[in-house]
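Respectively, the protein sequence lines represent chains H and Z. Numbering follows the numbering used here, with no gaps: position 245 of the first sequence is 329. Numbering follows the numbering used here, with no gaps: position 164 of the second sequence is 248.
Note that these hints are calculated values from the structure, not bench results. Treat the hints with care, as some may be off.
[Said to hold, decoys possible] Quick list of in silico lysine to any residue cross-link-like pairs, SDA-like style, CA-CA up to 25 Å: (1) H:K778 x Z:K310; (2) H:K728 x Z:S657; (3) Z:K405 x Z:P635; (4) Z:K124 x H:N722; (5) H:K728 x Z:P635; (6) Z:K405 x Z:K417; (7) H:K417 x Z:T711; (8) H:K474 x Z:G816; (9) Z:K417 x Z:A353; (10) Z:K677 x Z:N705; (11) Z:K310 x Z:P635; (12) Z:K417 x H:K400; (13) H:K400 x H:Y258; (14) H:K124 x Z:P723; (15) Z:K184 x H:A701; (16) H:K417 x Z:N689; (17) H:K184 x Z:A687; (18) Z:K778 x H:R349; (19) H:K310 x H:R375; (20) H:K474 x Z:F817; (21) Z:K417 x Z:L350; (22) Z:K253 x Z:A355; (23) Z:K417 x H:T692; (24) Z:K698 x Z:T711; (25) Z:K417 x H:R349; (26) Z:K184 x H:F693; (27) H:K253 x H:F693; (28) Z:K698 x H:R349.
Quantities reported herein were computed from a predicted structural model and do not represent experimental measurements.
The residues making up each chain are set out below.
2 protein chains.
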Amino acid sequence: MAQKPNWILICAAAVICLIIGILIGRYGISNDKEDVSLPKAKMSATLMEEISASNIGEYLKYLSSIPNLAGTPQDLEVASWVRDRFIEGGLDEVQLVPYKVLLSYPDMSNPNQVSLLDSSGKVNFTTSGRQTPLFSSEEFSPLVQPNFNAYSANGTVEGELVYANYGRKQDFEYLKSIGIDIRGRIVIARYGAIFRGNIVKSAEDGGALGVILFSDPKDFAPEGRKSVYPNTTRLPGMAVQSGSVLLGYGDPLTPLYPALEGAYRLPEAEAPLPKIPVQPIGYDEAEILLRSISTENPAPEDWQGGLNATYFLGSKFIQRKWSVRLQVRMTHKLATAYNTIGILYGREEPDRYVLIGNHMDSWTLGGIDPASGTSVLVEMARTFGNIKEKSGWRPRRTLMFCGWGAEEYGMIGSYEWAEEHAKVLIQRAVAYINVDSAMEGNYTLKSQTVPSLYSAIREAAKMVPNPNPAEVKAGRKTVFDTWLWANPDLNDPTQPRVGNLGSGSDYTVFSHVLGVPSVDLYYDYQEKAGSYPLYHTLYETYHVVANLMDPGFQFHLAVARLMTELTLDLSESMVLPFDVVSYAHFLERDLDKIESRYTNLAANNGATFEYFRKAVAHFRNSTEYFTDIILPRLDTSNPLAVRKINDQLMQLERGLVDPHGLPGRPEFNHIVFAPSSVDKYSSDTFAGLVDLFKTVGNQTEVEQPNTWRQIKQHLSAISFLIGAAADSLREGF
Amino acid sequence: MAQKPNWILICAAAVICLIIGILIGRYGISNDKEDVSLPKAKMSATLMEEISASNIGEYLKYLSSIPNLAGTPQDLEVASWVRDRFIEGGLDEVQLVPYKVLLSYPDMSNPNQVSLLDSSGKVNFTTSGRQTPLFSSEEFSPLVQPNFNAYSANGTVEGELVYANYGRKQDFEYLKSIGIDIRGRIVIARYGAIFRGNIVKSAEDGGALGVILFSDPKDFAPEGRKSVYPNTTRLPGMAVQSGSVLLGYGDPLTPLYPALEGAYRLPEAEAPLPKIPVQPIGYDEAEILLRSISTENPAPEDWQGGLNATYFLGSKFIQRKWSVRLQVRMTHKLATAYNTIGILYGREEPDRYVLIGNHMDSWTLGGIDPASGTSVLVEMARTFGNIKEKSGWRPRRTLMFCGWGAEEYGMIGSYEWAEEHAKVLIQRAVAYINVDSAMEGNYTLKSQTVPSLYSAIREAAKMVPNPNPAEVKAGRKTVFDTWLWANPDLNDPTQPRVGNLGSGSDYTVFSHVLGVPSVDLYYDYQEKAGSYPLYHTLYETYHVVANLMDPGFQFHLAVARLMTELTLDLSESMVLPFDVVSYAHFLERDLDKIESRYTNLAANNGATFEYFRKAVAHFRNSTEYFTDIILPRLDTSNPLAVRKINDQLMQLERGLVDPHGLPGRPEFNHIVFAPSSVDKYSSDTFAGLVDLFKTVGNQTEVEQPNTWRQIKQHLSAISFLIGAAADSLREGF
């Protein structure tokens with residue numbers, strides 16, 4: 085007999101299941117259409133595995149195989165090669181971006197010369213003008229340029245010689261103080277303490293006829309003349325550091341605007357180029373010059389170097405009426421520099437960009453500068469692109485891999501590009517990660533960045549295995565461990581030290597002009613004196629890197645992994661990993677220093693730090709409130725709420741940018757970080773203010789009314805901007 | 085007997101219901117927590133109903149009951165009253181924002197005077213210095229200031245009189261051309277053609293000792309001396325138009341930066357204030373002066389006005405050795421101006437702002453300027469606030485209702501506030517809607533805005549019933565219909581004409597400095613001559629508005645409804661209603677004009693429009709591609725995709741802003757829209773370029789190398805910015 089349905093039970097079951105079903109449907113199923121947002125930890129592991137040291141080595145071998153001076157056919161070849169790697173690597177969009185800019189070249193067949201003349205004008209000695217190939221076949225390339233400093237003035241000058249140590253401001257002041265006049269004379273100075281362009285500027289301002297630059301063996305070959313390339317990474321005697329002496333940034337003819345087709349270009353005479361000739365020589369050659377100087381004026385103890393000579397100041401020679409002749413033949417001309425831009429669009433926020441960049445041009449072979457960084461950049465692009473191709477995963481935000489052109493001449497490619505895209509970058513760029521020479525030694529990581537990224541870079545360093553077996557043996561398992569051990573932060577010894585961004589590489593325009601939080605990083609060596617010995621010489625070869633500095637490319641791998649971890653963190657974290665409270669601490673410490681130094685002087689001249697102090701306190705309160713109160717209650721399921729918070733985090737740095745520029749330096753806008761006005765390489769915090777205090781010295785408002793007025797105006801601007809930046813973190817308007 | 089359960093059926097039912105449940109849960113329930121996004125059409129109807137003409141009338145009665153000159157206690161009273169209305173209206177957050185700025189006041193007990201002296205120095209006639217109360221009780225207030233021009237220099241000057249018509253550049257040039265020198269003389273000129281500050285500047289530049297200003301009855305009382313206030317809206321003979329003669333914008337002592345506590349302030353001598361005294365007088369008084377001028381130099385036909393006199397140019401008087409004496413006693417001092425900011429946070433995009441603003445200060449009673457606009461503003465805030473309180477509905481984006489302080493002195497409140505919040509506004513402001521005098525007549529709507537908002541304002545006008553019964557009778561049912569009939573667009577007669585923004589009100593800083601798309605609108609009268617007759621006089625009373633101009637406040641209601649429709653559109657539309665292609669058409673037409681005028685001149689001097697033309701073509705292609713291809717495929721269910729598109733639409737206008745300023749005018753940044761350099765009230769498109777072409781005249785590159793250089797530089801900047809703005813609309817980077 086067929087059972088009758090038990091309708092009550094059936095209905096009850098149906099209702100219960102309907103409810104359960106509704107609950108499952110509502111809460112049990114993710115609404116993401118295609119969930120490719122894998123956990124960050126898993127992506128980190130996948131990325132770390134994918135990065136290949138041997139790829140880096142291969143790239144470096146290619147990149148260091150030809151001299152690729154900006155604007156030459158080889159330079160385009162390298163930029164195209166990077167483009168092809170980006171395409172091959174699976175990036176979504178790759179652009180080769182040309183800019184026609186003013187570059188500067190030596191005469192290939194007629195090298196610049198420095199000669200020693202006797203009283204009759206007869207040449208006793210002349211520099212060779214070229215570096216001798218010593219080891220690798222590529223050193224013999226006919227494309228290697230003779231020795232030169234880009235943007236040197238043309239001309240032949242003759243005169244007595246004055247030795248000016250490192251050519252710093254204080255060095256020239258010392259010479260003046262003991263009555264040695266550089267006017268009408270030729271200055272010889274050592275590389276290694278400040279940017280070479282600033283040496284030339286001081287010499288030119290002092291009335292010198294020309295400048296000769298050399299690298300002292302004390303700094304660059306401390307183990308002596310025999311322990312040098314190709315046996316070690318030290319500098320041989322005929323090696324010459326090339327380099328630009330441009331004091332400006334970006335294309336000298338199109339300041340503040342991009343060098344596009346049809347752009348207005350300044351007359352060359354108005355560009356910030358030296359008006360006197362300058363030429364770099366080897367230390368073997370410098371020795372001959374220095375040994376010829378009269379013993380009349382001995383140089384101070386700390387001006388003595390490593391040459392086989394006692395250093396005298398000049399200006400007379402031992403032999404009566406001898407002189408030095410400096411002959412420079414340069415061509416300055418419009419040439420095309422190329423950037424290679426590779427884009428991997430973001431999964432959820434395609435209009436938010438994390439940029440990773442390095443330049444592609446080099447003075448000669450550039451095995452370290454820039455090939456070590458470019459290899460890392462290309463491998464990173466391949467890694468992200470490859471994983472996207474294989475798994476469909478792409479980070480939440482867009483990645484832009486940027487190969488810059490003509491960095492060596494003055495960050496030209498990055499400046500022109502950032503000028504062209506300034507508005508879009510200000511609105512959309514999350515951060516810029518710079519690598520230049522990725523590896524200058526195997527001692528420790530070094531990094532410069534803005535305070536809000538301190539924790540991100542430190543956390544990334546904790547994720548990367550230590551590439552140094554000796555360090556691992558000593559118990560320091562990660563890059564972070566060695567970094568902390570080798571270089572602790574003086575303000576907080578539990579953390580490794582992070583420095584401030586100067587202006588020695590392509591981060592300059594992003595950080596100091598646009599206010600995009602930027603990072604620069606590399607592996608450094610211990611006994612650093614300005615730069616690694618072979619810097620900008622012919623001997624930056626694959627051999628140096630692969631055989632002497634980083635066999636197996638494990639340090640390169642570590643840098644690539646570190647940058648990849650940082651890139652992942654910045655591009656994948658739902659909430660941007662910016663520690664804004666850290667910025668407040670930084671500003672407080674820095675204001676303390678400024679106040680302790682200048683408060684009395686300021687008060688005596690009608691200026692006050694009161695509003696600066698108030699603004700910084702407000703900044704601290706605002707960042708703390710944002711971090712402690714606003715962030716924890718963020719509804720992470722609301723994409724626009726998350727975007728709002730991220731925009732505030734990202735734009736905080738923009739808030740520290742003054743669109744009207746620093747006092748007397750309209751080309752710099754960041755009120756906290758700007759290059760020092762006396763050394764392009766280094767950074768002064770609150771450079772606008774500190775420069776004015778340096779200018780005013782101990783003079784009063786009556787003696788220097790204009791400078792004091794500028795101090796008050798700039799204090800006012802700083803206080804306003806810091807306060808407004810703090811306000812931008814408010815929950816509401 | 086108990087029936088056994090039929091498990092098969094039960095299970096089947098359970099499974100089916102589970103599946104149904106899951107489907108309901110997944111697709112049948114909206115994920116919005118609380119859906120308060122009602123259809124825009126419904127909200128429009130609700131808002132239209134809520135706005136009350138009688139409220140507007142009541143507000144206007146209060147606002148015009150006391151003189152509230154900026155920086156006075158009455159001004160604070162009005163700002164506080166607006167604050168209280170905003171709070172009462174239900175806005176989320178209301179701020180009273182003070183700025184200490186340089187304001188300028190006459191001596192209350194010792195009015196400025198213009199006197200006619202005979203050859204012995206005896207005073208024959210002296211102006212009264214005050215306007216006579218004629219009708220309303222509030223005209224008798226002891227708080228009414230004597231007649232003055234704010235920021236006039238102090239001092240007493242004596243000399244002959246020169247009549248300079250409207251004081252335009254061409255008027256002064258005419259005087260010069262016929263040999264009448266204003267040097268050492270006093271200029272008398274008519275109000276009504278250009279901004280009064282530009283009249284004074286030209287006089288000062290020409291060496292005049294002082295300036296006397298009056299309103300000619302031909303322009304301001306065309307029906308004769310009897311048909312005037314209080315019987316009509318025409319100007320009585322002792323009425324005097326007050327007003328500022330400041331040529332700068334914002335607080336004169338803190339250019340480019342906000343006047344915050346501790347801000348650096350310029351010495352007053354460096355502020356852009358006139359160096360000569362200036363005083364406005366009534367036309368009855370002007371008549372006495374003009375009738376005293378010698379008949380030697382008759383003024384041209386079109387310089388003749390409506391006074392009972394033939395106008396002569398001077399400078400001699402009929403009587404030998406007579407002269408005019410101008411005595412001005414002003415106090416310039418730091419005083420506090422207040423803005424009142426009321427915020428209604430957005431439902432989905434709280435960090436996107438639609439701003440609606442008008443100023444609160446007035447020269448005397450300000451029944452029209454600004455009370456007609458302020459009443460509308462306050463009623464709009466109440467309307468939106470009230471509906472939010474009643475229904476919980478709030479628009480998608482944030483509304484900010486802005487009552488500005490010290491607009492009359494030079495847009496000071498809006499400038500200081502926009503300078504203070506510049507960064508945040510650049511990032512977050514969608515649009516700024518300005519109303520000043522909401523109703524100057526009942527003829528037609530007038531509006532000035534940027535091309536991307538043409539269609540939005542026109543669509544809004546179609547939604548608003550015509551407040552003019554005669555027009556309705558004539559078949560023109562909406563505000564749009566009359567507007568189109570009365571003032572068709574010459575380029576497209578199917579659309580009503582929209583003008584360009586000058587700099588006569590608070591939109592200036594938003595549009596011309598920050599690049600926030602702005603709108604200005606009001607109801608105008610037909611036979612306009614510069615301003616409505618009672619403008620800035622004592623007789624801008626409630627009586628004029630309520631009894632003569634807009635009984636029942638129906639025109640005010642129409643303006644309020646129009647602004648509300650526009651506000652709703654901008655704040656509620658998922659995709660911003662910006663017509664970017666319209667901008668391209670505008671640029672093309674304008675470039676055509678410039679090219680047809682200047683191409684030969686430019687070509688003869690090494691300048692070219694080629695890249696400008698290319699950039700505009702690129703702008704057109706980009707806006708069309710964006711509109712036709714990108715917009716239609718937008719996934720509107722993806723909030724971040726919608727945000728991306730909206731950011732591009734919103735930021736396009738920012739792209740036309742040059743952070744480095746226009747040539748020689750760093751205070752203006754918009755390359756397309758800027759006030760004319762010869763009349764602050766009017767607007768030149770591409771003012772930077774047109775000004776340079778005016779300066780260069782027909783002179784060659786050899787004769788004026790610097791100006792030609794500036795032309796080339798600015799052409800380069802314009803071309804770059806238009807191109808980059810176009811690029812910002814790309815789908816990817």
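For each hint, the structure was consulted:
1. H:K778 x Z:K310: It is violated: about 71 Å lies between the C-alpha atoms, which goes past 25 Å.
2. H:K728 x Z:S657: holds (19 Å)
3. Z:K405 x Z:P635: Violated, at roughly 53 Å.
4. Z:K124 x H:N722: holds (23 Å)
5. H:K728 x Z:P635: Status violated; Cα separation ~47 Å.
6. Z:K405 x Z:K417: violated (38 Å)
7. H:K417 x Z:T711: Roughly 42 Å separates the two Cα atoms, so the pair is violated.
8. H:K474 x Z:G816: holds (23 Å)
9. Z:K417 x Z:A353: holds (13 Å)
10. Z:K677 x Z:N705: holds (20 Å)
11. Z:K310 x Z:P635: holds (22 Å)
12. Z:K417 x H:K400: violated (65 Å)
13. H:K400 x H:Y258: Holds, because 18 Å separates the two Cα atoms, which is no more than 25 Å.
14. H:K124 x Z:P723: holds (23 Å)
15. Z:K184 x H:A701: Measuring from Cα to Cα gives roughly 23 Å; hence the hint holds.
16. H:K417 x Z:N689: holds (24 Å)
17. H:K184 x Z:A687: holds (23 Å)
18. Z:K778 x H:R349: Holds, because 23 Å separates the two Cα atoms, which is no more than 25 Å.
19. H:K310 x H:R375: Holds - the C-alpha atoms of R375 of chain H and K310 of chain H are around 21 Å apart, at most 25 Å.
20. H:K474 x Z:F817: Judged against 25 Å, a Cα distance of about 24 Å means the pair holds.
21. Z:K417 x Z:L350: Holds, because 13 Å separates the two Cα atoms, which is no more than 25 Å.
22. Z:K253 x Z:A355: The given pair, whose Cα atoms are some 23 Å apart, holds under the 25 Å limit.
23. Z:K417 x H:T692: holds (23 Å)
24. Z:K698 x Z:T711: Satisfied, since the Cα-Cα distance of roughly 20 Å is no more than 25 Å.
25. Z:K417 x H:R349: Not OK: K417 of chain Z and R349 of chain H at ~46 Å, beyond 25 Å, violated.
26. Z:K184 x H:F693: holds (20 Å)
27. H:K253 x H:F693: With Cα atoms ~28 Å apart, K253 of chain H and F693 of chain H exceed 25 Å; violated.
28. Z:K698 x H:R349: Status holds; Cα separation ~19 Å.
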